[in-house]
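There are 2 protein chains.
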Amino acid sequence: MYIAPLAALIEHFERLPGIGHKTAVRLSFSVLSATDEEAKSFADAILNAKSSIHYCSICQDLTDGDTCRICQSSKRDKSIICVVEGPKDVLAMEKTGEFNGLYHVLHGVISPMDGIGPEEIKAKELVARLTSDEVKEVIMATNLTVEGEATATYLARLIKPTGVKVTRIARGVPVGGDLEYVDEVTLTMALEGRREI
Amino acid sequence: MYIAPLAALIEHFERLPGIGHKTAVRLSFSVLSATDEEAKSFADAILNAKSSIHYCSICQDLTDGDTCRICQSSKRDKSIICVVEGPKDVLAMEKTGEFNGLYHVLHGVISPMDGIGPEEIKAKELVARLTSDEVKEVIMATNLTVEGEATATYLARLIKPTGVKVTRIARGVPVGGDLEYVDEVTLTMALEGRREI
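Here the protein sequences line up with chains A and B, keeping their order.
The first sequence maps to residues 1 to 197 in the working numbering.
The second sequence maps to residues 1 to 197 in the working numbering.
It is worth saying that the hints were derived from the structure and are not from the lab.
Incorrect hints may appear among the rest.
Note that the list lumps identical chains together, so a pair holds whenever it fits in one copy or between two copies.
As the list claims (entries may be wrong) - List time: in silico DSBU-like cross-link candidates among lysine-lysine, alpha-carbon distance up to 35 Å:
#: 1; residue 1: 165; residue 2: 78
#: 2; residue 1: 40; residue 2: 136
#: 3; residue 1: 22; residue 2: 95
#: 4; residue 1: 75; residue 2: 40
#: 5; residue 1: 75; residue 2: 22
#: 6; residue 1: 122; residue 2: 22
#: 7; residue 1: 40; residue 2: 160
#: 8; residue 1: 40; residue 2: 95
#: 9; residue 1: 78; residue 2: 40
#: 10; residue 1: 78; residue 2: 22
#: 11; residue 1: 165; residue 2: 40
Keep in mind it's a predicted model, so treat the numbers as computed, not measured.
Construct the entire structure; sequences and hints are all you get.
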């Protein structure tokens, strides 16, 4: 139905997450109606991002240098490491403005159903960072899903022998949330985690 | 907040129609997690589509040859031309399977508010096609919007002196609607109910 070069472009857009056929067609036509410079600049941005971005040699977050800006910063508290599943979680944490330590990006969670074991995530890189005495606490901030919980538990067990304190972010009712619509497990966790006002 | 090559990629995705910041971030991360080959193939698809696709020398539809497949076909009725606003409208018409003539793609509509006059759309290319006696009818299938109606009326007046019959698709297409999103049955009704302007 579409001429070959257009069909190929549509197919590439369709492979992106959450992009259906109609959206892919719309995006492809938009690329066609862009200027030559704009299209070239888009293609270059893809190639450049792909070739220049890699993992920080310390925290495994994305960076275009050897280490990322957070690991390089002298203002960050190097005694505390927050462990997250992916680079987007680092951005979410940074938005709070409440955390001043370092991060460790796992790039996944342990999920036997999907064939992802401890070897497939950046677990040994985390343990390697704990050999110096500098780190006092590791916060497990993986998602509150079955896989996220299992990964947090696995890593906690791995870290325990080093003597470093391991904590888990609080489970509870989200701010602005309605008790009525919160599931029972969350509410139970919120009750268990109650604190004196 | 984002490292430079990632920020550049996000910005390019954000320029696409209907793509907000959050979606642009999601799409950019998806490109980063693709293989090198996949990313390169995506960039190539953009460049290739942009460089190889141009306008058919006859109907102005998109093609990667000199003329498009419809203009080349010996099975199409060359006595009738359906005038549409854009290449996506040709696809919508073809989906009905009810039209066997040729097309003419205007690549826009007359819209004084946006500074688009008759010179900015492929109007004179249309008139040039009517010099031979082959064409007996021109169907105006521009959108049923104010601009689409104005363009149809303008072109009808331009064509009248040549003696070629000019028709307008029936107002079975909901007013204010876009051809691209109309279902095939409605579009078929609109074709069948066409009347002389």
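Consistency of the hints with the structure:
In this assembly of identical chains, residue 165 and residue 78 lie within 35 Å of each other by CA distance solely inside one copy; the values are 14 Å within and 80 Å between copies. Taking the closest pair of Cα atoms, residue 40 and residue 136 never come within 35 Å of each other, the shortest separation being 48 Å inside a single copy and 43 Å across copies. Taking the closest pair of Cα atoms, residue 22 and residue 95 come within 35 Å of each other both inside a single copy (34 Å) and across two copies (14 Å). Taking the shortest alpha-carbon separations for residue 75 and residue 40, neither the intra-copy value of 39 Å nor the inter-copy value of 38 Å comes in at or below 35 Å.
In the homo-oligomer, the alpha carbons of residue 75 and residue 22 lie at most 35 Å apart only across protomers (29 Å), although the nearest pairing inside one protomer, at 47 Å, exceeds that limit. Only between protomers do residue 122 and residue 22 lie at most 35 Å apart by alpha-carbon distance; the minimum there is 26 Å, versus 37 Å within a single protomer. For a Cα distance limit of 35 Å, the shortest separation of residue 40 from residue 160 qualifies neither inside one copy, at 51 Å, nor across copies, at 43 Å. Taking CA atoms no more than 35 Å apart as the test, residue 40 paired with residue 95 passes in both settings, with 33 Å inside one copy and 32 Å between copies.
For a Cα distance limit of 35 Å, the shortest separation of residue 78 from residue 40 qualifies neither inside one copy, at 42 Å, nor across copies, at 38 Å. Proximity of residue 78 to residue 22 under the C-alpha cut-off of 35 Å is restricted to the inter-copy arrangement: shortest distance 30 Å between copies versus 48 Å within a copy. For the identical chains of this complex, residue 165 and residue 40 are neighbours neither inside a copy (50 Å) nor across copies (44 Å), given an alpha-carbon limit of 35 Å.
Consistency note: the structure conflicts with the earlier hints numbered 2, 4, 7, 9, 11.
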